[in-house]
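Visitor: Here is how the chains run, residue by residue.
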Amino acid sequence: ENKVYKVGTDLTFAPFEFQNDSGEYIGIDIDLLNTIAKKQNFTVDLKPLGFNSSVQAVQSGQVNAMIAGMSVTEERKKSFDFSNPYFIGGISMAVHGDNTEIKSYDDLKGKVVAVKTGTVSANYVDKIKDKYGFTVKSYDSADALYDVINVGGADAIFDDYPIIDYSITKGKSLKRVGDIQERCDYAFAVKKGTNQELVKMFNEGLKELKQTKEYDGIIAKYTSNSSQSNDASSIDESTFIGLIKNNYKSLLSGLEKTLILTLVSFIFAMVIGIMFGLFSVAPVKPLRMLSAFYVDVVRGIPLLVLAFFIFFGIPNITGKPMNEYIAGIITLTLNASAYIAEIVRGGIGAVPVDQMEAARSLGFSYTKTMRKIVLPQAIKIMIPSFVNQFVISLKDTTILSAIGLIELLQVSKIIVARTLQSSEVYLITAIIYLVIITLLTRLAKILERRFR
Amino acid sequence: ENKVYKVGTDLTFAPFEFQNDSGEYIGIDIDLLNTIAKKQNFTVDLKPLGFNSSVQAVQSGQVNAMIAGMSVTEERKKSFDFSNPYFIGGISMAVHGDNTEIKSYDDLKGKVVAVKTGTVSANYVDKIKDKYGFTVKSYDSADALYDVINVGGADAIFDDYPIIDYSITKGKSLKRVGDIQERCDYAFAVKKGTNQELVKMFNEGLKELKQTKEYDGIIAKYTSNSSQSNDASSIDESTFIGLIKNNYKSLLSGLEKTLILTLVSFIFAMVIGIMFGLFSVAPVKPLRMLSAFYVDVVRGIPLLVLAFFIFFGIPNITGKPMNEYIAGIITLTLNASAYIAEIVRGGIGAVPVDQMEAARSLGFSYTKTMRKIVLPQAIKIMIPSFVNQFVISLKDTTILSAIGLIELLQVSKIIVARTLQSSEVYLITAIIYLVIITLLTRLAKILERRFR
Amino acid sequence: METKILVNKLVKKYGDHLVLDKIDVAIKEKDVVCVIGPSGSGKSTFLRCINKLEEPTSGQVIVDKFDLTDKNTNINEVRQHIGMVFQQFNLFPHLSVLDNITLAPIDIKKMDKNEAEKRAIELLEAVGLANKKDAYPDSLSGGQKQRVAIARALAMDPDIMLFDEPTSALDPEMVGEVLQVMKNLAKQGMTMVIVTHEMGFAKEVANRVVFMDGGHILDDGSPDQVFNNPKSERTANFLNRVLNV
Amino acid sequence: METKILVNKLVKKYGDHLVLDKIDVAIKEKDVVCVIGPSGSGKSTFLRCINKLEEPTSGQVIVDKFDLTDKNTNINEVRQHIGMVFQQFNLFPHLSVLDNITLAPIDIKKMDKNEAEKRAIELLEAVGLANKKDAYPDSLSGGQKQRVAIARALAMDPDIMLFDEPTSALDPEMVGEVLQVMKNLAKQGMTMVIVTHEMGFAKEVANRVVFMDGGHILDDGSPDQVFNNPKSERTANFLNRVLNV
Ligand SMILES: Nc1ncnc2c1ncn2[C@@H]1O[C@H](COP(=O)(O)OP(=O)(O)OP(=O)(O)O)[C@@H](O)[C@H]1O
Ligand SMILES: Nc1ncnc2c1ncn2[C@@H]1O[C@H](COP(=O)(O)OP(=O)(O)OP(=O)(O)O)[C@@H](O)[C@H]1O
Ligand SMILES: [Mg+2]
Ligand SMILES: [Mg+2]
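As you go down the protein sequences, you meet chains F, Y, R and Z in turn. At the far end of the first sequence sits residue 752, using our numbering, and the numbering has no gaps. At the far end of the second sequence sits residue 752, using our numbering, and the numbering has no gaps. At the far end of the third sequence sits residue 269, using our numbering, and the numbering has no gaps. At the far end of the fourth sequence sits residue 269, using our numbering, and the numbering has no gaps.
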């Protein structure tokens, strides 16, 4: 029976390790490790702990090894034993695929070069920028970095070359220019003095893979722009249809969350809103004032401010931590309930006073008149407005992505982070919302026509 | 005349260096350096480049030195010459101020300990967690870390002790427990072999400050909870009034930005909205259809999705980078214009057809009737709705903080990041919005009463 | 005969606007009183004070020994004895004709459903609309609506019927049908107070005509006396204008 | 006398609903035609086709030699010769009485402002409202509003005046004032088409009465003939109901 080794890895470092759309970890490191394990008859129990935690986990013996795009340094050699390098990392310059002007670093004079803040590339361009006479722009996110070249905000970027290659496989119009700089070896690592047999198996497996060219296949899968499959799911995400095919499941699940969030908060909001709406037409003045106060306050605070206050502020008052879903539902509920209260008030107000008078003159009490005469008519008037309020709540769920709720828009953000196709993904998202909202709005209009 | 030295520092690393509410850099590093410079007669040209860039800038000779809460390591000694340490860093455990149960690490059994992901503290608790039998929760932001202890989501936290102390000065109910661990020296650094006179001056100045106790004053200012001033502006930000006193200027400037954003986008939206509104009642069917299509599409897409699409997607199409303010204004303009078109349509629809017929029967043409008879009456009906739409746009500006626009809510976020007083700051923000929105809503109601 | 409605120094103000200025009237059983007068003279307000749809500012309204201005009077009970028919019919649009009529008897009087329906159909026959019992108000003409409204009020077996311009929202052709129903009611001895502009009807059916202007009663007497020999010049003036179209 | 309005096989449908069914009428200069008939018979539609507020489905309407059904006719110009007065007055609430009257002459006829105002005041005097020239419509009574509406229509010096139930939204007391103004107009020889339910007025002022029902003209003749000797039984029936209230 195979021996099981726990191996730590990073959470997300494409193309070495990252989640595909089914949530499985794939990438160069993972594929290499799994193939080697098969050849060498051991079993891998993968632990995606993140880079730092993996280092700690190896050192404390919680995992046997780690593979995480880790470069071999003198300092690390003091506490790790490394395998033979399985990949030579480094940084490279890249320009837009259509750029024919920049053929070498010498052509950078007067140009703008973009890098990600705090990376080896950032340090490197800082060193050479005076020599080549270009200016540097720093970006905080990889997404922004790869967008900026696309939209002409920079002439060239510097980044780890495998990441550049991976972006190219994802359909970014880029090409690498110049040599790879600041080369370094990536290797598999175990705690110094332990698990030597594992290192040996890794080395032997790696050698075999290189001989059988399986190694080249794995590298090419993630870094070349050849027509062969570049993803576990073998769908090209650089096209609109590919994107949809590959992500419709996660988008649908995001939509489901959006709908559930909307529905749950809407149900609560109906209860509270109808209550305050009835208060607002009650013959008792304090109730009317209470209702007006509630509605004015809730409608006087922007939804996102309300969300922040609830998510960050309420815990301070109650002393209990707050889950972001609960905070989101409370926010949406409060907000929608104020508008529902107004709908109820408006609906009741739209029933002619005549109706109240006719019923009262027959001897019905106020409450009975409300129940038997006014409300049955008011509800017909309100239903289309309720549907419209549902649409507004649905739209408002997107705002809650700011406090970390995972709904359709957040799912889209996550897909953008992986595919780097921001415009397409957001367009798809916009269309999904548009279709659903249009359908609901049509429904409201039909109901309105029916009930008038 | 004094010699001028360029000194790199970090962007934000309270209490060592951070911006106060006037945007000046203050903190232990900055105060020490400035005081030493005065004593030793040199002039500091401070460059807040961020930690990594400062390291590069020192190495490439662009700055003469750096001071950035930098700890002395063997590796760094290869490329830097360090001054005498001016501070001994390290990590510490802290518990809630009212917690009397946890008096040492031994009391952590079965408890929950929180740390910030990827820090020395995170590595440290990972090492000791089995020994003391606690579980670890990791947070991505300092803000969350300090909130979690407050709301009871964790029993203890581990963090750099100066940061803990700084939080205490900011009014967090915390106390440190146990010794300082993983001590390390913070020092002023120059590139190896250069600027030796600067290091000498720093060392001498530091010695003098320690003798005169000025050193203790500076440290205490940022890390003790004594009644003495703990901030350059000497106002206690842990109280509601202190917070307001200290931040009203930035809040007002945020409010100003919010109002300008709202106003500018509203003016554009009026132009576009009135145009589409007139289209929607035009006797020409294609115009009516165009208007209906525009309104349906814009209202069918949540504002934030629209903002993302414009901010990330439009650049992809036009090939030009997009400024976030322009993206924000476009988003708000599009969104508001659709609602304004509906207001215009509704306003015109609310003028009885009779009026149109009476004017036409006198011989007025369609256009003249619109201009002389229908619009003057419709505008009176629309004005309150315009004010209400202005209120909605004002609320919607908050959503644009998600694409990085600096408006009132974003300003509040920045204040929270500095003061760690989330509930108070968001409450203040909510009240500001509430007051302004209530005033505007009242105005709308008065106008409505006036015009009916 | 017995006094059914006693109005005593009735004053009604809206804010500073004095609408009824110390009205004194006593209406006896089986009286058919037509109230006439120019627009805004307070006719509707007077009528609505009789079943307390308007709260009097001061004075007394006593109906059948119940003092409506007394806080302890159960107004819902008193109203069961006072039917009211409005200018705009005010049928309940979400209920069928039959349900419009039976709702109050079943719900308030706890009448048996079958019995209530039987009575409703009798009433509908009396107003000539038995075939419309399952129709909804929206499908009826104005005259039909008003006749259903009368049947609805009668279903509670009131002692008194109040009418506020029952025919003024009707097409001329339909006015006759409704007035006919009212004539029949009068013949059966119902106590009625009718605000109307139909002078011909007033002459023929009323046993008493009241002319109001500016919140005062300026004339009060038999039709013959008021129409042919009015006490006040204002009355003469008004009648002159209205009759000589 | 000359034919002012010639209506030729006029058909008007709303969807499948036939409202006017091949109407033929010729109205001569100085004719005062009263159109009577039950509700929904198409009277308003007929009137509104004469100045093309409704688009005829087929047939011809020729006013003063202008064929309204011809696409090339400038309808705005023709309408200047046809004044129209509506049931609901339709004054412009944002303009003073004077501006209501002078707007069209100044704006369309390019009349001098002073001249237009002089003429407006003359017209207001004719309808007895010279003192109201600076008032706004909301402050006027129904009868006053309707008289201003007539003055407004007259300010364009029309050859023809159309009235659609001009008194049916008025309080009975105010009906007389408006009818008086119309009588004076008739005396001055204005060509008028009046939809009305005021049979007394029709008898007295019209030289011709038209009875419509179901989109057809069933009777058309002198008042004496139509009222006392109607050709169609439906007319007799209708008159019987309306007159014998
Ligand atoms: N709810 C109210 N608030 C303020 N004023 C009112 C109210 N109801 C009636 N009025 C005023 O009271 C006066 C009398 O009104 P009321 O309706 O009783 O007159 P009316 O004789 O019935 O007139 P009409 O023949 O037009 O129905 C009028 O001046 C009217 O404006
Ligand atoms: N815009 C419209 N759309 C559809 N049907 C209409 C429209 N206007 C009028 N009708 C129908 O045309 C018919 C004739 O209407 P019209 O208004 O001409 O009648 P009328 O004789 O003026 O009645 P009234 O005395 O009630 O004013 C009615 O059945 C009416 O429902
Ligand atoms: Mg009345
Ligand atoms: Mg009509």
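Take the hints with a grain of salt, since some may be wrong.
As the list claims (entries may be wrong) - No farther apart than 25 Å at their CA atoms in a straight line, the calculated lysine-lysine pairs in the BS3-like style are these:
1) 672/Y - 134/Z
2) 46/R - 89/R
3) 668/Y - 377/F
4) 668/F - 54/R
5) 680/F - 89/R
6) 429/Y - 491/F
7) 255/Z - 46/Z
8) 227/R - 37/Z
9) 207/R - 54/R
10) 134/R - 672/F
11) 431/Y - 306/F
12) 133/Z - 668/Y
13) 427/F - 403/Y
14) 672/Y - 142/Z
15) 475/Y - 403/Y
16) 403/Y - 431/Y
17) 137/Z - 156/Z
18) 431/F - 585/Y
19) 303/F - 431/F
20) 475/Y - 347/F
21) 157/R - 672/F
22) 585/Y - 377/F
23) 54/Z - 585/Y
24) 89/Z - 52/Z
25) 672/Y - 89/Z
26) 133/R - 89/R
27) 545/F - 347/F
28) 475/Y - 378/F
29) 76/Z - 585/Y
30) 672/F - 142/R
31) 133/R - 668/F
32) 429/Y - 429/F
33) 211/Z - 255/Z
In case anyone wonders, no lab produced these hints; they're calculated from the structure.
Visitor: Taking the hints in turn, state whether each one holds.
Guide: Going down the list of hints, with the structure as the test:
For the hint pairing residue 672/Y with residue 134/Z, the CA-to-CA distance comes to about 15 Å; that is within 25 Å, so the pair holds. Between residue 46/R and residue 89/R the alpha-carbon distance is near 20 Å, which keeps this suggested pair within the 25 Å criterion. A distance of roughly 87 Å separates the Cα atoms of residue 668/Y and residue 377/F; the hinted pair therefore is violated under the 25 Å criterion. Taking the CA atoms of residue 668/F and residue 54/R, the gap is near 32 Å; set against the 25 Å cutoff, the hint is violated.
In summary, the hint linking residue 680/F to residue 89/R is not supported, as the alpha carbons are separated by about 42 Å, beyond the 25 Å threshold. Proximity of residue 429/Y to residue 491/F is assessed by CA-CA distance (about 19 Å); at most 25 Å being required, the pair is judged to hold. The straight-line distance between the Cα atoms of residue 255/Z and residue 46/Z is roughly 19 Å, inside the 25 Å bound, and the hint therefore holds. For the hint pairing residue 227/R with residue 37/Z, the CA-to-CA distance comes to about 44 Å; that exceeds 25 Å, so the pair is violated.
A distance of roughly 13 Å separates the Cα atoms of residue 207/R and residue 54/R; the hinted pair therefore holds under the 25 Å criterion. The straight-line distance between the Cα atoms of residue 134/R and residue 672/F is roughly 15 Å, inside the 25 Å bound, and the hint therefore holds. Proximity of residue 431/Y to residue 306/F is assessed by CA-CA distance (about 22 Å); at most 25 Å being required, the pair is judged to hold. A threshold of 25 Å between alpha carbons decides the hint, and for residue 133/Z with residue 668/Y the separation of about 13 Å falls inside it, so the pair holds.
Under the criterion of a C-alpha separation no larger than 25 Å, the hint pairing residue 427/F with residue 403/Y is inconsistent with the structure, at around 50 Å. A C-alpha spacing of about 22 Å is found between residue 672/Y and residue 142/Z, which places the hinted pair at or below 25 Å, so the restraint holds. At roughly 10 Å between alpha-carbon atoms, residue 475/Y and residue 403/Y fall within 25 Å of each other, so this suggested pair holds. At roughly 16 Å between alpha-carbon atoms, residue 403/Y and residue 431/Y fall within 25 Å of each other, so this suggested pair holds.
Only pairs whose Cα atoms come within 25 Å are accepted, and residue 137/Z paired with residue 156/Z is accepted, the gap being roughly 19 Å. Under the criterion of a C-alpha separation no larger than 25 Å, the hint pairing residue 431/F with residue 585/Y is inconsistent with the structure, at around 64 Å. With a C-alpha separation of about 54 Å, the suggested pair residue 303/F and residue 431/F falls outside the 25 Å cut-off, and the hint is violated. Taken as a hint, the residue 475/Y and residue 347/F pair is broken in the structure, with Cα atoms around 35 Å apart against an allowance of 25 Å.
At most 25 Å may separate the alpha-carbon atoms for a hinted pair to count; residue 157/R and residue 672/F meet this at roughly 20 Å. Distance restraint check for residue 585/Y and residue 377/F: the Cα-Cα separation of roughly 77 Å exceeds the 25 Å cut-off, and the hinted pair is therefore not satisfied. Using a Cα cut-off of 25 Å, the hinted pair residue 54/Z and residue 585/Y is violated, with the two alpha carbons roughly 42 Å apart. Restraint check: the Cα-Cα separation between residue 89/Z and residue 52/Z comes to about 13 Å, which is no more than 25 Å; the hinted pair holds.
With a CA separation close to 30 Å, the supplied pair residue 672/Y and residue 89/Z exceeds the 25 Å bound. A threshold of 25 Å between alpha carbons decides the hint, and for residue 133/R with residue 89/R the separation of about 21 Å falls inside it, so the pair holds. A threshold of 25 Å between alpha carbons decides the hint, and for residue 545/F with residue 347/F the separation of about 29 Å lies outside it, so the pair is violated. A C-alpha spacing of about 37 Å is found between residue 475/Y and residue 378/F, which places the hinted pair above 25 Å, so the restraint is violated.
For a cut-off of 25 Å, the pair hint linking residue 76/Z to residue 585/Y stands: about 21 Å separates their Cα positions. For the hint pairing residue 672/F with residue 142/R, the CA-to-CA distance comes to about 22 Å; that is within 25 Å, so the pair holds. For the given pair, residue 133/R sits about 13 Å from residue 668/F by alpha-carbon distance, which is consistent with the 25 Å threshold. Distance restraint check for residue 429/Y and residue 429/F: the Cα-Cα separation of roughly 46 Å exceeds the 25 Å cut-off, and the hinted pair is therefore not satisfied.
With a CA separation close to 28 Å, the supplied pair residue 211/Z and residue 255/Z exceeds the 25 Å bound.
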